[in-house]
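J.: Starting from the structure of chain D, add chains V and Z where the hints point.
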Amino acid sequence: MAKKRIISTSINGDPVEFLAAPRQTLLEVLREDLDLIGTKEGCSNGNCGACTVILDGRPVDSCLVLAVEVEGSDVETIEGVAPTDGLHVIQDAFLDQAALQCGICTPGFIMSTKALLEENASPTEDEIRFHLAGNLCRCTGYDKIVRAVQQAAEGETN
Amino acid sequence: MVSLYSSLAPSDGTPDAMRDFEYEAPTTLDDAVALLSENPAAVRPLAGGTDLIDHIRTRRLEPDVVVDVKKIPDLNVLELTDEGLRLGAAVPCYRIYGDDEIAASYGALADSCRIIGGTQIQSRASVGGNLCNSGPAADSIPSLIALAARVVIAGAGGRREVPAEEFCTGPGQNVLENGELVVELLFAPRPAVGGSHYRRFIPRNEMDIAVVGVGASVELDEAAESFVAARISLAAVAATPLFVEAAGAALAGQAVSDDAIAAAAAAAREAATPIDDMRGTIEFRKHICGVLTERVIREAVARARGEETGYRIGR
Amino acid sequence: MASVEERQFRVEPFPGGAPGNQRLVEEGRLPEYAVVGTRPVRHDGTDKVTGRARYGADIKLSGLLQGYVLRSPHAHARIVSIDTSKAAAVPGVHAVCTNADLPSASHRAGDLGEGVVDWYHLNQNVLANDKVLYTGHAVAAVAADSVHVAEEAAKLIEVEYEVLPPVLDVREARLADAPVLNDDVRTDRQPVGEQGDTPTNVAKHFHYEKGDVDAAFAAAELVVEREFTTETVHQGYIEPHTATALWSPDGKITIWTSTQGSFMIRMQVAELLNVPSSKVKVVPMEIGGGFGGKIAVYLQPVAAVLSRMSGRPVKLNMDRSNVFDATGPTPGSYMKVKIGVDADGMITAGEAELLFEAGAFPGSPINPGCMCVFACYDVPNGRIDGYDICVNKPRSNAYRAPGSTHVALATETIVDEICEAQGICPVEFRLKNAAKEGDERVDGVTYPPVGMWETIKAVELSEHWQSPLEGPHQGRGIASGFWFNFGGNSVVAATVNEDGTVSLIEGSTDIGGTRASISMQLAEILGIAAEDVTPTVVDTDSIGYTDVTGGSRTTHATGLAAIKAAEDIQAQLRQRAAILWDVDAEQVEYDSGATLTGPDGQSIGFQEIAGKLNQTGGPVVGRGSVNADKHGGAFGTHIADVEVDPDTGKVQVIRYTVVQDVGTAIHPSYVEGQMQGGAAQGIGWAINEEYYYGDDGRLHNASFLDYRIPTCYDLPDIETIIVEVPNPGHPFGVRGVGEVPIVPPPAAIANAIYRATGVRLRSLPMSPPKVLHELLAADQ
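Residue numbers (the numbering used here), protein chains in the order written: chain D, 1 to 158; chain V, 1001 to 1315; chain Z, 2001 to 2780.
Chain D on its own, in the form it takes in the complex (with noise of 0.2 angstroms):
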């Protein structure tokens, strides 16, 4: 079997270090190893966007990043979201909007509208839809999602 390696990242600002097979996915390791159970798997291939973290700036599928590319990178997980006292903007305006059902795709839309709102702080909605569509949710037919990125968007640019 390939041998573990040492991979040295920072993981929600603080530095980490793991051990990790090349054929562990980030998603295994930061579930598994790092007991970082925020991150959601849903379809293990790119489609769905549960797993979703932020890799060095941008939104990334973690079921298809290798754990032993994050050397060196930085790595920002649901769980590092919310400030120490109460919760980001992001995470209140879902709350407020009631912009989740079942929860299982929370995390990754955070992540996901998160990235969108630090590149693009007031998003149009079609601008909204389009960059969340790799983001998929079963449960509310989006459109309290959406109204919850709005939300955001102008709790940002206030």
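Read the hints as simulated data drawn from the structure, not as lab findings.
Take the hints with a grain of salt, since some may be wrong.
In the DSSO-like style, the derived pairs of lysine-lysine whose C-alpha atoms are separated by at most 30 angstroms in a straight line are [said to hold, decoys possible]:
| # | chain 1 | residue 1 | chain 2 | residue 2 |
| --- | --- | --- | --- | --- |
| 1 | Z | K2770 | Z | K2338 |
| 2 | Z | K2060 | Z | K2279 |
| 3 | Z | K2252 | Z | K2336 |
| 4 | D | K3 | V | K1286 |
| 5 | Z | K2432 | D | K4 |
| 6 | Z | K2281 | Z | K2252 |
| 7 | Z | K2436 | Z | K2279 |
| 8 | Z | K2060 | Z | K2210 |
| 9 | V | K1286 | Z | K2770 |
| 10 | D | K4 | V | K1286 |
| 11 | Z | K2770 | D | K4 |
| 12 | Z | K2060 | D | K3 |
T.: Showing chains V and Z alone in chain D's frame:
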């Protein structure tokens, strides 16, 4: 994401955790070529990984060694100069459409990069990787063909260049010899009055594999009223992406007109030899091929003329 | 009360909602509640936006083994032999099991709340015995130190198959010469209760008849008869199935899993493993969507057997392709429906022949399909025949209003054709024919007060219906739909805390915000804030038996239990106040402001008396246990605007409004969410979703790439109009909301496509190749 082989090899109901392999991340082209040459059949290069990782998980590919090429500077070049555009094979999609000048000059390329997977995929997936997967429905290859990209290949024997339309040889197959890898794609400077466009037909508006894809690059005369030259390309209607010279020939020298565009579309439709599968029937694909070719040429013309058309991705 | 036609209504924004969230209000009637109808932040919300909520796959246990299930590559085959010895010998493998490791099962029926199973068939579905009946059918399972080892070992299991021809279409499967899937299946004719005597794929035949159907058709002014087909579709929840089990040496089995019904899992595991249900504890994890598909067991008993064999806890996860291959689906169908009307556009007769795919084993929702096909209208004469037919696809399961979406496509598009032929507005036709209180359905049920008419009235009054379409190739369609809803068993226990809050425990797993809607009902009765209730969903050892979260029952029935628990608390607090004031409890009042008052002007607030419980007799726990049977059915009517690309056949839904009678909206945001989400699923079913099989019976699109559920870039804003015709069987009038909204979309969209193009689609999905084919055919 992926899809390349799924129409050929349906799931047997047992995909899974990943098969074991070794990982190497060389920082020079020479080291990469050396690694790829050691045991070519068992080594796969990894750029964005958005196809490769899924192929390994589902055992469509079973490499013993994965060579991560993202740390090699040559493969990360993205440079627009008077000489044209240099696009490193590992440059992720978002960097391409994120560069306003490149997106404006090489519209078709940016169009492709905006629709390969979702935003998350575009953070990783590269045009070079899309090309090397050589899927018949690959969204970037028609743009490369329409824009007359040259593929720069490195191997133990040195470098060579291949026109984009000659790169793919079959579904998942291409001209790369054992130990070779794609270093970069070279694009000539754009004509003074030129426009290009790629779009695909999919049942949803995003997150799908092309049922048909069409790329077009047009050069117009100074008055922007006649075609000087045009290159038309197709995806998902044959075993490889197609360069339809006859479609471009139907436009070259003609005034921009419904008739000329219809003739080009007819040529594209004629060139298409699609199959029936879960993504579309032969009848449907042939028809869409004509419809889309007309629409894509019109958009490319509008871009050449600096006109706004209200094009919305997926619609 | 004035007759419904004379009452005055208006459509207005629903307070606190986003633009597009509206309600139908009847002049002079607006119920006043303090908590009900408000929009508090859900209690489990913070955990879910911070990633702390623990779903099925998130459980960690010391010594946990990971499992892998080997599945059939064939759609139909006899298992000649299975040799697991090579897998068992792999280092790191702790157990390998097959059907032989399950206790043998016998033919007995079990009621899972949203469908009936035969235990013998469920045993074979969990692990195939002598035959595999669909690709992805589980054959064997391995538990090992890691999922990678388990998988590699599983691939060493040698299974010898004798491949048999598959049958995938209901019309072929019912023929006498079709391959028979299950030798033990005989046609069960209902409601007469006769059994056939030869092996067959036709597992059930339901027959309902009312009035003189033939005479009514003969006398009808217009009769329209059409045939319809729909493809197999999947619920498409984002969380794959998962189960973790520990079979302890003391005989106790603990199952951690995400499920719609922890007690249903307990029952199934106990039955299949032949242990008393008291020996099984099911710990419900958060559930990442179910829609009817997470009621039956798949992995749970297998994980338990692997745990017994290994002495370690074992986790089994499906991946996405397993989910599509082996779970879910709701049936594909063939339907022939006929409706007759008189010269005034009043329905005089209806007839339906419905063929639903059971999948590998009997159990499609054919009976609800029969009961729903004419449910929206007063149909004086009707005849319905429904057949449950086995085919080589996964065993079908409930999916949101199971069976009703299929039949609405048929009935509602025929109604649209009749409207056009007779020159009647589709709204007017439905207002005239709407099912009302006292009408008897063809299957013999008489309606209590229902709100079908009001949903159409709301359509008529809506800005959407009154607005013009704006472009070429656009069309607008409407369609209605029905679901029974359900009551059933629920238990709630609520403890008053000394700080004046209440801890509520329940057995209903929370899929879409029911912790909030149940807490709000308790809070309303007690006069406290929703935020002062802390709801927790507990395991099966910690609360009384509670039925599935399904059938749109939870806010209704578990809400009733919460109301009873609140009333129990009120009674106990009156006694405590009586002790404090030395008066009789009967003399103490509990007013809606959460204040207890005595006969001599004494007064004490909820919070204050909560702090005095230990001095007045000890903690107060309210109990609510219900077997609810007055759920009241519900109707919805949807408005769909589409734009059809005439050159590609692609259909864009450009505006959409969901109108639904919900009885009373407890938490309007989550009611709207159900309406929007159900409509989105219905839109997906209408336009693109389908199982795509090869002739060999292999599923080609077992991924979210090619099984195309809508993305947010595919959908418009989904507007809502909540109609509140209170259910007299619930103190606040709750009917249930989850299922109705999936029913009308395919028909509404088909009708809209017709208005846009002049082409009628009678086959789902109305995907671009199909629509284009019809458009081109119409051109010629």
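J.: Work down the list of hints and note, for each, if the structure agrees.
T.: Hint check:
no. : hint              : result
1   : K2770/Z / K2338/Z : holds (24 angstroms)
2   : K2060/Z / K2279/Z : holds (22 angstroms)
3   : K2252/Z / K2336/Z : violated (51 angstroms)
4   : K3/D / K1286/V    : violated (50 angstroms)
5   : K2432/Z / K4/D    : violated (72 angstroms)
6   : K2281/Z / K2252/Z : holds (8 angstroms)
7   : K2436/Z / K2279/Z : violated (48 angstroms)
8   : K2060/Z / K2210/Z : violated (57 angstroms)
9   : K1286/V / K2770/Z : holds (14 angstroms)
10  : K4/D / K1286/V    : violated (50 angstroms)
11  : K2770/Z / K4/D    : violated (51 angstroms)
12  : K2060/Z / K3/D    : holds (25 angstroms)
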